[in-house]
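The chain contents come next:
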Amino acid sequence: MRKKLKIKENVGNGGLLKRTMIREFKKDSLARYSLYTLIGILLVVFIGALFIPRASYVDVNIIDQYLAPMTDGHILGTDNGGHDIIAMLLVSARNSLVIALAVTFITFVFGTILGTITAYYGGKVDMIIMRMTDFIMILPVLMIIIVLVTIVPKYNAGTLIILMSAFYWIGTMRLVRSRVLTESQRDYVKASKTSGTSDIKIMFREILPNITSLLIAEATLSFAGNIGLETGLSFLGFGLPAGTPSLGTMINEATNPETMTAMPWTWVPAAIVILIVVLSIIFVGQALRRVADQRQSV
Amino acid sequence: MWKVIIRRLLIMIPQLFILSVMVFMLAKMMPGDPFGGLIGPNTDPKQIEALREAAGLNDPWWQQYINWIQNAFHGDFGMSYTMKQPVTTLIGSRMVNTFWLSLLAMILTYLLAIPMAISAARREGSWWDRVLLIYNSVTFGIPAYVVYLLFIFIFGFTLGWFPTGGTVSPSATGFFPVLMSKIYHMILPAVTMALLGTTAIFTYLRSGILDEQGQDYVKTARAKGVTENRVFSRHILRNALLPIAANFGFVITGLLGGAIFAETIFGYPGLGQLFITAITSRDYSVITALILFNGLLALFGAMLSDIIMAIVDPRIRIE
Numbered sequence: 001m002r003k004k005l006k007i008k009e010n011v012g013n014g015g016l017l018k019r020t021m022i023r024e025f026k027k028d029s030l031a032r033y034s035l036y037t038l039i040g041i042l043l044v045v046f047i048g049a050l051f052i053p054r055a056s057y058v059d060v061n062i063i064d065q066y067l068a069p070m071t072d073g074h075i076l077g078t079d080n081g082g083h084d085i086i087a088m089l090l091v092s093a094r095n096s097l098v099i100a101l102a103v104t105f106i107t108f109v110f111g112t113i114l115g116t117i118t119a120y121y122g123g124k125v126d127m128i129i130m131r132m133t134d135f136i137m138i139l140p141v142l143m144i145i146i147v148l149v150t151i152v153p154k155y156n157a158g159t160l161i162i163l164m165s166a167f168y169w170i171g172t173m174r175l176v177r178s179r180v181l182t183e184s185q186r187d188y189v190k191a192s193k194t195s196g197t198s199d200i201k202i203m204f205r206e207i208l209p210n211i212t213s214l215l216i217a218e219a220t221l222s223f224a225g226n227i228g229l230e231t232g233l234s235f236l237g238f239g240l241p242a243g244t245p246s247l248g249t250m251i252n253e254a255t256n257p258e259t260m261t262a263m264p265w266t267w268v269p270a271a272i273v274i275l276i277v278v279l280s281i282i283f284v285g286q287a288l289r290r291v292a293d294q295r296q297s298v
Numbered sequence: 299m300w301k302v303i304i305r306r307l308l309i310m311i312p313q314l315f316i317l318s319v320m321v322f323m324l325a326k327m328m329p330g331d332p333f334g335g336l337i338g339p340n341t342d343p344k345q346i347e348a349l350r351e352a353a354g355l356n357d358p359w360w361q362q363y364i365n366w367i368q369n370a371f372h373g374d375f376g377m378s379y380t381m382k383q384p385v386t387t388l389i390g391s392r393m394v395n396t397f398w399l400s401l402l403a404m405i406l407t408y409l410l411a412i413p414m415a416i417s418a419a420r421r422e423g424s425w426w427d428r429v430l431l432i433y434n435s436v437t438f439g440i441p442a443y444v445v446y447l448l449f450i451f452i453f454g455f456t457l458g459w460f461p462t463g464g465t466v467s468p469s470a471t472g473f474f475p476v477l478m479s480k481i482y483h484m485i486l487p488a489v490t491m492a493l494l495g496t497t498a499i500f501t502y503l504r505s506g507i508l509d510e511q512g513q514d515y516v517k518t519a520r521a522k523g524v525t526e527n528r529v530f531s532r533h534i535l536r537n538a539l540l541p542i543a544a545n546f547g548f549v550i551t552g553l554l555g556g557a558i559f560a561e562t563i564f565g566y567p568g569l570g571q572l573f574i575t576a577i578t579s580r581d582y583s584v585i586t587a588l589i590l591f592n593g594l595l596a597l598f599g600a601m602l603s604d605i606i607m608a609i610v611d612p613r614i615r616i617e
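Chains as they are written, first to last, in our numbering: chain H, 1 to 298; chain Z, 299 to 617.
Just so you know, these hints were derived from the structure itself, not from any lab.
Note that beta-carbon positions come from the ideal geometry of N, C-alpha and C, so glycine has one too.
Certain hints may be false.
Listed next, the stretches of chain H that the computed footprint assigns to chain Z, with coverage defined by at least 3 CB atoms under 8 Å from CB atoms of chain Z [stated by the list, open to error]:
1. 135-145
2. 230-240
3. 271-278
With the rest of the complex left out, here is chain H:
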């Protein structure tokens, strides 16, 4: 009887979350158009990048260097390696999005598990982990990542994902911890404990589903932050390695004042793509956060 009841309740919850989301996006046109833009960009980038051969963005062709837009069939011109800007945009945007997605995924899985466990059990382990994260949070993280990028042997995109994740799971962990702490005080958790439900089941089948809406919203906003972080590092020259272009690497052309002013087509498109993607994600994330707040207050 109990089991049956619970399954029904879970289904109901999922449906409610979806309904609240649809209602919020119907109400907020900014968020709705941002969502459409985002889906459109994701489709164009991930499908378009499939058709770009690797040679066209790795091989250097000096003759075609810095062609102005609309010459020789290059609609947006070429960069310093003679690569077509549109092809570069597609591949770079895909790389940047994949890296940011991977970092967001890793930090959220790790942060959620650790945050839930420490909050649920509390005690000494919780205290030690909190002290540790207090400490790491105030360190000059950006500087440390840049140094590690330069000294890690056999550096590649995977290393960058690990380095970024290694420092940015802390925010998620602390957020999840504080929510699970308040959630643990609720009656349904106490009731489950008295009726002998296992801790693992209470944590991951009962508490976590109740903070899912919050996690979705925060993961979305953190996705935007990770795009900024990766492209920022690549812009400085400490992000994705050569041969794996990123939107940041494209913007890096602007570090030379002459290229910045005389050849704006090399970097402005990438800057605009970043702004559009990040802004859309922020507006979608804000709407999702409101959904989470509504569910909290119910």
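Position chain Z against the provided structure of chain H, taking the given hints into account.
Just chain Z now, with coordinates in the frame of chain H:
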């Protein structure tokens, strides 16, 4: 209150120790040693070995750590290999630039954020409130470096309103012209940083004011017949400003840390730009010193914030 301050100082001791060990380990992981540049085709490997031995590079790691810490306490971080001057001198001269730029940016940030938060909170839910909320979530989320680039491209290079690098124009002589030129060089980076940096203060202050508005003491004050403006400025605002005051510890130390992206893009020779120059040329003694310095600033900032909070908010002292 002294109890709080002393307890807070004691927490610093293990933190300082861990920070120093971490930076030392990072320094040891960096490739090369001070004598790498001396090696040529005619160098005797034994000679290099003797130099290494004399410099203590063959000692056990804890011995090296103790030596390193002793030197650090004396302000001796070695020489910059590329810029050929003591690291301490180099950092000192850049820190002055960073300090003035950050100070101007900080003042502008407060001047923007506090009125924004007050006007938004007093008209909660209005279109103005919504505009400010969207503005602050946008400026918080978009990558700042993209905006810096677009601003220097538009206002620096294209329109030519502001200089595009340096701290002072070489033609300026005399106290007043030099001062004006220095301020002129700081305006664009400082304004851009301030425009993008309001979110934390805005969010704290706005939600602080909204929280305080419903409190009992506010109702009491109104019931006594205190005027609405006085209730706001004397009662609500005072309490809502507390978290901002506490944040001041971080802000003060942040003035010295240097902004990596802003200084690099606006060509402003501060500590952030020094870090990027040093890491590009693999100038490891400068990098180590800068990371240690920034870590120390952060630790002291956190401590300062806790102490300021204990001073301004008596409720915390009881704990």
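Taking the hints in turn, this is what the structure says about them:
1. 135-145: n = 7 at 8 Å, threshold three: holds.
2. 230-240: With 6 residues closer than 8 Å to chain Z, the segment 230-240 of chain H meets the three-residue bar; holds.
3. 271-278: holds (count 4)
Going through the hint list in order, the structure satisfies each hint without exception.
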